[in-house]
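A.B. asks: Following the hints, put chains B and C in place on chain A, whose structure we already have.
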Amino acid sequence: MDANLLSSYIFAVVVLNVLLGLMAYMTYLERKLMAAMQDRVGPNRTGPVGLLQPIADGIKLLVKEDIIPKHADRRIFLLAPLLSFVLAPVAAAVIPFGDSITVFGHEVNLYVADINVAALYFLAIGSMGVYGIILGGYASANRYSLLGGLRSAAQVISYEIILGLSLVGVFILSGSLSLVEIVNQQSETLHLGPLQLPNWFILSQPLAFVIFLIAAVAETNRAPFDLPEAETELIGGFHTEYSGFRFSFFFLAEYISMIVISLFGATIFLGGTDGPIRDGVWWLALKAFIFLFFYIWLRTTVPRFRYDQLMGLAWKVLLPLVLINILLTGFIRLWGLGML
Amino acid sequence: MNELMPEHFMFLSAALFIIGMVGVLTRRNVLVIFMCVELMLTAVNISFIGFAWEFSQLTGQIFALFIIAIAAAEAVIGLGIIMALTRQRDTVDIDEVRELRQ
Amino acid sequence: MAAEVLVFNLLSGIAIVSAAAMIMMRNPVHSAIALVITFVNVAAVFIMLRAEFLAVVQIIVYTGAILVLILFVLMLVNPDELPDFHGARPMQQIFGFGLGIILLAEIAVAILTRTVVAEPGPWTEDGMAAVGGNVQAIGQVLYSGYVLPIQATALVLLAATIGALFLGRPDEDEEPTPSRRTVATISLAHTRGSDQDEIPALSSANIKHEAGDRDLIMARDADEFTSTPEDDQKGQQE
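Chains as they are written, first to last, in this note's numbering: chain A, 1 to 340; chain B, 1 to 102; chain C, 1 to 238.
Here chain A stands alone, though its shape is the one from the complex (with noise of 0.2 Å):
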């Protein structure tokens, strides 16, 4: 087999690996801080400051017992979460984690896969996932399960045409859908003047970015976007029916998500393993990080949309201002490259 494909399979696996190391972790990290936010201890039993918590709670659900109701659509019902927990880290395949590294005399690149399409392949996955929710949703035979499936259809549908859109301008400035590519085009420097800038793309495409972050929220079903499972209103939306390790499974797949594209946004436009000093893969995770937190500090602090105010958000204001987004970076490339 080719040596390449070989540490490409090795490399997904670890990323794979990782990725659901540090989902489990960042339930805790979602507890704690949200504890201390309303001053609370948060989780502190088990274990050392409750650092054995996530594991206690991955025991507690596999031995829950396993409930299928009787008027289910039993094989779409058991399909679901699965489609949902497979598609949410095969979007991280595309993620540059780093230039390629030498081991054992091989060099080894830090990516899956560097393809010609990598963001689009990001949206493609993404609105694949939907799929779980949906069918999920539908398999329950429950109304609000149903509706928490259509529900996620819809605002799913609606932001993921937002959060392309909002991706376009970086396409633009970049001339590469590569995120290799795009991150190689951040690393440079900006010179402005006595200034020196980083060319991270959250520099010259600032609403773009908040777009984006908005889009992303709405896209992983987060507060203040969890309309799907909103709990006051849907019982639990779409998972409502489901126990035990399956409905883990959605959870994991929300998780996993949210790790998978705040690196997304970090490669894109805060310039991925770009940093001040000794770049590497840890300024990736320091500003996962700071995506991360935005995440949980948007839960403890925003109420929860309106259905009509989420769809009116999407439609009226974010995708009128995304379009003007990529009108005016389109001049304003011509006018760079002086055919305007």
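Quick caveat, the hints were computed from the structure, so don't treat them as lab data.
Only a predicted model underlies this, so the values are computations on that prediction, with no experimental measurement involved.
It is possible that some hints are incorrect.
As a list, the in silico SDA-like pairs of lysine to any residue whose alpha-carbon atoms are at most 25 Å apart [stated by the list, open to error]:
{"#": "1", "chain 1": "A", "residue 1": "64", "chain 2": "A", "residue 2": "50"}
{"#": "2", "chain 1": "A", "residue 1": "316", "chain 2": "A", "residue 2": "328"}
{"#": "3", "chain 1": "A", "residue 1": "316", "chain 2": "B", "residue 2": "74"}
{"#": "4", "chain 1": "A", "residue 1": "316", "chain 2": "C", "residue 2": "65"}
{"#": "5", "chain 1": "A", "residue 1": "316", "chain 2": "C", "residue 2": "151"}
{"#": "6", "chain 1": "A", "residue 1": "70", "chain 2": "C", "residue 2": "25"}
{"#": "7", "chain 1": "A", "residue 1": "64", "chain 2": "A", "residue 2": "247"}
{"#": "8", "chain 1": "A", "residue 1": "316", "chain 2": "B", "residue 2": "83"}
{"#": "9", "chain 1": "A", "residue 1": "64", "chain 2": "A", "residue 2": "244"}
C.D. replies: Just chains B and C, lined up with the frame of chain A:
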């Protein structure tokens, strides 16, 4: 056949197109008929992209891109009509929609 | 056999089987899932045919948007009203499958006996790599030779959007609603009371007065229970 030949993708395209056609002719649920139409459009796309690959040209790919765009427009209008139909007649059975015939 | 052919046969085999499953399934949601599998496999075939961009567009547009919309509409329709497939119209089925087999034979003969001859173009694998890849190649060709078709497509999409808005607008009520309720009751789960039989009329006889002189509110639905501004005014005039 030791390498990928045009016959391969042409048979795939033909098979998918015919399956879609049979579906349109035999099913009565308007939504399934709709899905079959989408399948037929995709089958045609395979032919276009296959020929573009065979002759190292991009015209076929660009044609397929336009087909996908038109398919999206068609889907939006088609589903709008189906929604209006279910609201008015409360059915998705294509045989029960025969107002124009009477 | 070359690995390429093997992979192609596997992908197209799955695509054809699940497409066949799509038209045979009784439940349209199962049909939609089968179609998703077909589309994903077709996208993989596109990648084999050097069309990465179209493969991703295929997934985003077909499986990510169109099929999700179809599922959305499917779930709004009451599943009890779905017509049968098996045994409903024997003539229709014989005719449909017969026609399909005839067409397949016809196309098979055409594919196996004819050859297409054309001048090979510049976009081989190396030709695409020279401009940066499939996306860049499509961009160059599309925006140099097909600017007018793109604009026409944009107009079609705009017209479709407006048409969908027109078709999807809520029905205008036969009689204008009297006025807004002062107390808003929102039922998102179902239209009011449609999931249960007619509620028997309540009478004060079968309810014991426990609190003595307190008024009992007996309402069959939200309209009876909530008051409108007119009611309030009437009450004040009395």
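A.B. asks: The structure should be examined with respect to each hint, and the outcome stated for every one.
C.D. replies: To see whether the hints hold, each was checked on the structure:
Our distance criterion of 25 Å between C-alpha atoms is met by residue 64 of chain A and residue 50 of chain A, whose separation comes to about 22 Å. Of the pairs offered as hints, the one joining residue 316 of chain A and residue 328 of chain A holds, with about 19 Å between alpha carbons and a cut-off of 25 Å not exceeded. Among the hinted pairs, residue 316 of chain A with residue 74 of chain B is consistent with the structure: their alpha-carbon atoms are about 24 Å apart, no more than 25 Å. With a C-alpha separation of about 20 Å, the suggested pairing of residue 316 of chain A with residue 65 of chain C holds against the 25 Å cut-off.
With a C-alpha separation of about 24 Å, the suggested pairing of residue 316 of chain A with residue 151 of chain C holds against the 25 Å cut-off. Pair hint residue 70 of chain A plus residue 25 of chain C holds up; C-alpha atoms about 21 Å apart against a cutoff of 25 Å. The suggested pairing of residue 64 of chain A with residue 247 of chain A holds, with an alpha-carbon distance near 10 Å, which does not exceed 25 Å. For the given pair, residue 316 of chain A sits about 23 Å from residue 83 of chain B by alpha-carbon distance, which is consistent with the 25 Å threshold.
Note on residue 64 of chain A and residue 244 of chain A: the hinted pairing holds, with a Cα-Cα distance of about 5 Å set against a maximum of 25 Å.
Going through the hint list in order, the structure satisfies each hint without exception.
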